[in-house]
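Top to bottom, those sequences are chains U and R. Take 220 as the starting number for the first sequence in the numbering used here and just add one per residue. Take 286 as the starting number for the second sequence in the numbering used here and just add one per residue.
Think of the hints as simulated: they come from the structure by calculation, not from any bench. Each hint can be trusted.
Just so you have them, the derived chain U footprint on chain R, three or more residues with Cβ under 8 Å:
#1 294-305
#2 318-330
#3 349-358
#4 416-428
#5 432-442
#6 472-482
Using N, Cα and C, we set each Cβ at its ideal position, and we do this for glycine too.
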Amino acid sequence: MGKLRFLLAVIIGKISAFLLDKIFKRGTNTPGIIMLKICPDALSRFVMPKTTICVTGTNGKTGTSNLLTHIIRNSGKTVVNNSKGSNMAPGLASALVTQCTLSGKVTADVAVLEVDERSSQYIYTEFTPDYILCTNLFRDSIMRNGHSGFIFDKINDYLNEKTTLVLNGNDGISGLLGEGICNRVFYSVNKTDKSTETCVDTVCDLIACPKCNHKLDYEFFHYNHIGVPKCSHCGFRMPQSRFFASDVDFENGTFVFNGDKGESLVLPFQKGNFFNVFNITGACAVCRLMGIDLDIIENSIEDLSSKTGRFENKKYNGVEVISMLSKNQNPISCSQSLKYLESTDNEKDVVLLITDSNDKVHGHEDISWIYDTDFAPLNNENVKTVYVGGTRCYDVANCLEIKGIDIAKLVLFENYDDLAQEVSKKSIVGRNIIVYFELYATGVVEKIKNALAQKGDEN
Amino acid sequence: MKKIVIEVLYPEYNNLYGDRGNCEYLQKKLKRAGYEVELVETSLYDEPAFVNGHVDFLLIGPCQEKHQLIEIKQMQIYKDAIKLRIENGGVILATGNAFELFGQYIENPKGEKTECLGFYPYYATQFSKLRYNDCSVGEFDGMEIVGFKNLLSHSYGENPKPFLNMKKGCGMNKDSKIEGVHDNNLFATYHTGPLLPLNPQFTDYLIKLVDENYESITLDYEKQAYESRLKELLK
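Full structure from sequences and hints, please.
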């Protein structure tokens, strides 16, 4: 009965995936949703490829899994991945159904699957990945993720001894996953010119020793709690890293990847995006464990280095608009993208669309996270005006004032249309407009761009 | 210039949901009104400043459930000092699951009980995988207090000295309409995060408990944020 049900799910999944691809020209989760309706344990019935890699963690999942897919494909293997769909069970089913036989045997050589941290229990119970790479664990959206300990347990409780965990040796939270359960391999990044002795960010999610609860020391910090923790009370330290990045050169955007057999490679990373070093190092670690040659890795990373995915920019009659996604309710993501304001010298206006623009549908937003966000870059003298949009603009303004941001720069708009008109009206040729927007606010970014384009037409 | 001392207990743990906002806002309000502010942050194995010294505001925020059980053991050492502080009218603001510390015990999902300070008859039960989110409004002394809840536990049993009568959202558990503890100047509530900046009026009320001559300077933003939230939540 189960087999028949699965066969039906695969057939209907394949047909719906084909039709949706023809109609919408893009991937969706619908085939997976239908499949799981017909056959709730469909994920466990696929015959998974020889190598299955899951990528999870708070930040850097997508970047790391795309990188992994790219390198593995360059090594001549075929890869199935869920980059077009969601990172939850339906997204994984949608991806797998497009590359499997009617009996459910996945035809690709390797599966690289991005997995939402909270979905662990619906995924790792259905099949056992050969590798799980966890990028890091941080505080994230409060309403969805609670706290990092809650997410840690959600992953840890569903790990299987047959999985090899590839963990960030600079993260004293996710680095404790799988202790006593799995084989664990660590990767890390050595001290850089930008490492600090104390944590300079608002949030540090690991202040006390995870073993003895006394105050933890750090040899240095990369950012937030990512660094080298050590406990002078009980002697706790992170395990030795088999793979590590050294000689990070921020000016030229290069670093050295070091493997466990003494091999090393000079690799490029996206300038100004230090997280990219962690993503590349993690991805390379998995590739080396899979036995992929160094020169294949080297060539793959090199042809990616010219691409930047962090933000979009477009010019409207001499006004450059740079829009950056600020992950919803994620104080770490928002703080990191605000740091961009300090990296360039030109004058700019900033638009903050960081609170839920779709709260009419989602319900009243818990804005607690803004108090965990570093807004200090807004005080940079090159930032001339700070527009704050949305129903929660007064909360953001209140928080900015409390955190010592110059409120003379603030302009608030509950209504996004009014905001777009004002931003356009007050725009100055040569001055950039930097828009920080949450996932649902892409429409508002368009409004601003349209208003600017219209202004150009009128002139 | 009058000096005000704020003590934050165990900031390495008790800061999950933007709770630093309470301390930041309190400091801002006090400084705006011309006070000098001293901030004391006490780690888990250090003796709290209020035990043998003068502290105007004692703030205790929410922490992860496993850390809560460790904290209670430390707080038991200072049980008498905490009781004395409540009796003498010292201000304590306990937010999130810190409310549970003052009750009888906390039961974890395995059924194991950890004894709490035992000042009030209620007890708490931790959920295993469930999480409870809420945006709520409660009434205290003619004020409407707005806030957020992010909980992996609820409380049950008698609660003779509640802080809030809930107008929207749940109380100490889903079936309860009362929430928190108000005893002398102890204010314990399940609300997490930046409770004070969300409620400028209540913040002024707390400061007046420490200095009755305090005159508040409130910005438009604070009022607008509060009023817009209250209106939406009571809609």
